[in-house]
Amino acid sequence: TQLLEQSPQFLSIQEGENLTVYCNSSSVFSSLQWYRQEPGEGPVLLVTVVTGGEVKKLKRLTFQFGDARKDSSLHITAAQPGDTGLYLCAGAWGGGGADGLTFGKGTHLIIQP
Amino acid sequence: NAGVMQNPRHLVRRRGQEARLRCSPMKGHSHVYWYRQLPEEGLKFMVYLQKENIIDESGMPKERFSAEFPKEGPSILRIQQVVRGDSAAYFCASSPTGFTEAFFGQGTRLTVV
Numbered sequence: 047t048q049l050l051e052q053s054p055q056f057l058s059i060q061e062g063e064n065l066t067v068y069c070n071s072s073s074v075f076s077s078l079q080w081y082r083q084e085p086g087e088g089p090v091l092l093v094t095v096v097t098g099g100e101v102k103k104l105k106r107l108t109f110q111f112g113d114a115r116k117d118s119s120l121h122i123t124a125a126q127p128g129d130t131g132l133y134l135c136a137g138a139w140g141g142g143g144a145d146g147l148t149f150g151k152g153t154h155l156i157i158q159p
Numbered sequence: 799n800a801g802v803m804q805n806p807r808h809l810v811r812r813r814g815q816e817a818r819l820r821c822s823p824m825k826g827h828s829h830v831y832w833y834r835q836l837p838e839e840g841l842k843f844m845v846y847l848q849k850e851n852i853i854d855e856s857g858m859p860k861e862r863f864s865a866e867f868p869k870e871g872p873s874i875l876r877i878q879q880v881v882r883g884d885s886a887a888y889f890c891a892s893s894p895t896g897f898t899e900a901f902f903g904q905g906t907r908l909t910v911v
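Chains H and Y, in that order, are what the protein sequence lines are.
All you need for the working numbering is the position in the first sequence, starting with 1, plus 46.
All you need for the working numbering is the position in the second sequence, starting with 1, plus 798.
Source of the hints: derived by calculation from the structure; they are not laboratory data.
Just so you know, even glycine gets a beta-carbon here, dropped at the ideal spot from N, CA and C.
Hints may contain errors.
[To be verified] Across the chosen pairs, the derived CB separations fall in these ranges:
| id | chain 1 | residue 1 | chain 2 | residue 2 | range |
| --- | --- | --- | --- | --- | --- |
| 1 | Y | Lys869 | H | Glu61 | 30 to 36 Å |
| 2 | Y | Arg813 | H | Arg106 | 20 to 26 Å |
| 3 | H | Val96 | Y | Arg862 | 35 to 41 Å |
| 4 | Y | Arg862 | H | Arg106 | 24 to 30 Å |
| 5 | H | Val96 | Y | Pro868 | 29 to 35 Å |
Using the sequences and the hints given, assemble the complete structure.
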């Protein structure tokens with residue numbers, strides 16, 4: 047069973063601060079996705095990373111894929127209360143998707159005004 | 799372009815009844831995935847289907863659970879003789895060509911009383 051470890055599990059910070067959350071595995075991903083989920087809703091895809099060392103930016107969010115494709119990070123600059131939510135990473139290992147995506151347990155992020 | 803549609807959003811069943819959860823993928827998507835989410839346990843892969851075929855059901859319990867994705871109509875996740883432990887949020891995701899990224903529906907919250 048492939049495992050994805052996300053850290054921290056919970057994070058509460060003040061508006062305007064910066065933060066980084068992590069997603070790690072002992073195995074090499076073929077691709078990795080980050081999702082954000084709000085209570086009572088489904089996960090919403092934020093980004094997909096495929097290439098080792100890849101960096102993608104989405105406004106104040108910066109996603110990085112490790113060179114070895116075993117880990118990823120999400121950095122949020124100047125966090126806003128609207129960033130509050132559950133951040134999930136999901137990895138694919140098999141080609142063609144036959145194994146499905148494996149999800150981490152997520153980081154619960156709270157941004158306090 | 800409508801997103802992934804799941805219905806019902808909320809479903810209450812008594813122990814021993816059957817639950818049917820429906821998922822209509824995004825237009826043009828022929829790959830459907832079902833996940834179950836329990837509090838503090840993250841999203842767990844259940845089954846991966848393409849039109850009229852089950853590709854991977856390794857995450858689905860052997861008893862009482864079944865899934866289909868017919869040529870016409872939505873994908874159905876069926877749970878027979880529900881028990882309290884089946885209470886969870888069930889999410890469907892779709893993708894156009896295998897598992898590089900997934901788009902999720904809003905989920906069906908099943909409560910077994």
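Hint by hint, work out which the structure violates, then give me just those numbers in ascending order. Hints 1, 2 and 4 contradicted; others consistent.
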